[in-house]
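Protein chains: 2
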Amino acid sequence: MAAAGGGELQLLGCWYSPYAIRAKVALGVKGLSYEYVEEDLFSKSDLLLRSNPVHKKVPVLIHGGRPVCESLVVVQYVDDAWAAPPLLPADAHARATARFWAAYVDDKFFQAWRALFRSTTDEQRAAAFKGVLPEVEVLEQAFRECSQGKAFFGGDAIGLVDIALGGFLAWFKAVDQVSGTCLLDEARFPGLAAWAERFMDVDAVREAMPDGRRLLEHYRGFLAKLA
Amino acid sequence: MAAAGGGELQLLGCWYSPYAIRAKVALGVKGLSYEYVEEDLFSKSDLLLRSNPVHKKVPVLIHGGRPVCESLVVVQYVDDAWAAPPLLPADAHARATARFWAAYVDDKFFQAWRALFRSTTDEQRAAAFKGVLPEVEVLEQAFRECSQGKAFFGGDAIGLVDIALGGFLAWFKAVDQVSGTCLLDEARFPGLAAWAERFMDVDAVREAMPDGRRLLEHYRGFLAKLA
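From first to last, the protein sequence lines stand for chains A and B. If you use the numbering used here, the first sequence corresponds to residues 147 to 373, in order. If you use the numbering used here, the second sequence corresponds to residues 147 to 373, in order.
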């Protein structure tokens, strides 16, 4: 692994946070070594509260003593601070397209999927699943347009949009297992289904992903508290 | 005004949209000439629907036939495509800080202010005003940290955060007039109050701002439909 350069690098994360996974993937793609600090979100450390007083959330990347907060900001920071390999394209229009879809994942898509994630009854699940499908369809089309027949939203290698959406993949699987759904169904969304397999096979992604069984158990515990 | 370069430049906007104002300010700061197309948001043009099929919203910047959507994406695009004068700092950490606060304006701050904007009774207004003050206090502190004693969030000249928050200034005034509030009160928020005056005095901002009386009338019409 490359040394971080410009001072020490610390990542405050939480093993099941899709947003922390994004930061881990970005750091991994750049081949950066860093100290990982696991946060207990029910008893946040002074370092987390001090580093992200506004949102008090993970991930926080601390570089040379200075914190960077919010996962998409962290990914872009990592790309600004360490140029190779790039996570955003060089072309201004392609950069805008990547930022547009990353924001779409967090705004429109996540709001719809969150309803499925928080569903505790079969009836809620059926309604929420129906509600999220049009959003996934939009992402399927986005994948076709962005990838232009290549492997990833980012082209031949993963980039900002891959990391934004891909951070949720382990969660999609856990929610699918509980709900009896298949969000990225191969027949319905062939582009995204194949993309997800390729994404999960990237070294930096494999190293960032939580254990599936542990996540499923965590999710069942979360739902039990909700119900 | 400088020629756009790389093809024609069109902006689809709406005179009262704070998001379209952002795009106008960014283009104005760069000294770019462009064709402005006013959209009727109650009867959207085919060009708008075709250019922004996902959100169907303004602003859309069309550059050489290719659309860029979402106001913060547009501002960053304008900065990527035309380097001078810069809207984002060169330093990676300062860029991340600007992106963080721009996102804060759209997420946390706007959600709180929206409640005031949509209030139709004195009781609602009092509760909403109380709710938005802590968010403004966070922005007051952010201004102190970002500006480091200079005129703007971006330092000596306006940048991404100035444009993100400043796009709302005409609306703050209209809502204040109707609500009998003073959002950026000089005694409570001296940094932001002085910043707002300086921001409104920038040429590119003055040219982008809607007429105050017309906006007030539009807002009263909006509230009449809500009540």
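One thing to keep in mind: the hints can contain errors.
No copy is singled out in the list; a pair is fine if it fits within one copy or between any two copies.
Lysine to aspartate or glutamate pairs mimicking EDC-like chemistry, simulated, CA-CA at most 20 Å apart [what the hints assert, rightly or not]: (1) LYS319 - GLU332; (2) LYS202 - GLU281; (3) LYS276 - ASP226; (4) LYS202 - GLU343; (5) LYS202 - GLU363; (6) LYS203 - ASP253; (7) LYS176 - ASP268; (8) LYS190 - ASP349.
In short, the hints are calculated from the structure, not lab data.
Structure-based check of each hint:
1. For the identical chains of this complex, LYS319 and GLU332 are intra-copy neighbours only, at 14 Å inside a copy versus 52 Å across copies, given an alpha-carbon limit of 20 Å.
2. Taking the shortest Cα distances, LYS202 and GLU281 sit within 20 Å of each other only across copies (15 Å), while inside one copy they are farther apart (29 Å).
3. With identical chains, the CA atoms of LYS276 and ASP226 are never at most 20 Å apart, being 39 Å at best within one copy and 38 Å at best between copies.
4. Taking CA atoms no more than 20 Å apart as the test, LYS202 paired with GLU343 passes in neither setting, with 33 Å inside one copy and 32 Å between copies.
5. Proximity of LYS202 to GLU363 under the C-alpha cut-off of 20 Å is found in neither arrangement, the shortest distances being 25 Å within a copy and 40 Å between copies.
6. Taking identical chains as interchangeable, the C-alpha atoms of LYS203 and ASP253 lie at most 20 Å apart whether they share a chain (17 Å) or sit on different chains (14 Å).
7. Proximity of LYS176 and ASP268 under a CA criterion of 20 Å is satisfied in neither setting, with 42 Å inside one chain copy and 54 Å between copies.
8. Proximity of LYS190 to ASP349 under the C-alpha cut-off of 20 Å is found in neither arrangement, the shortest distances being 30 Å within a copy and 46 Å between copies.
In this structure, the earlier hints numbered 3, 4, 5, 7, 8 are contradicted, and the remaining ones agree with it.
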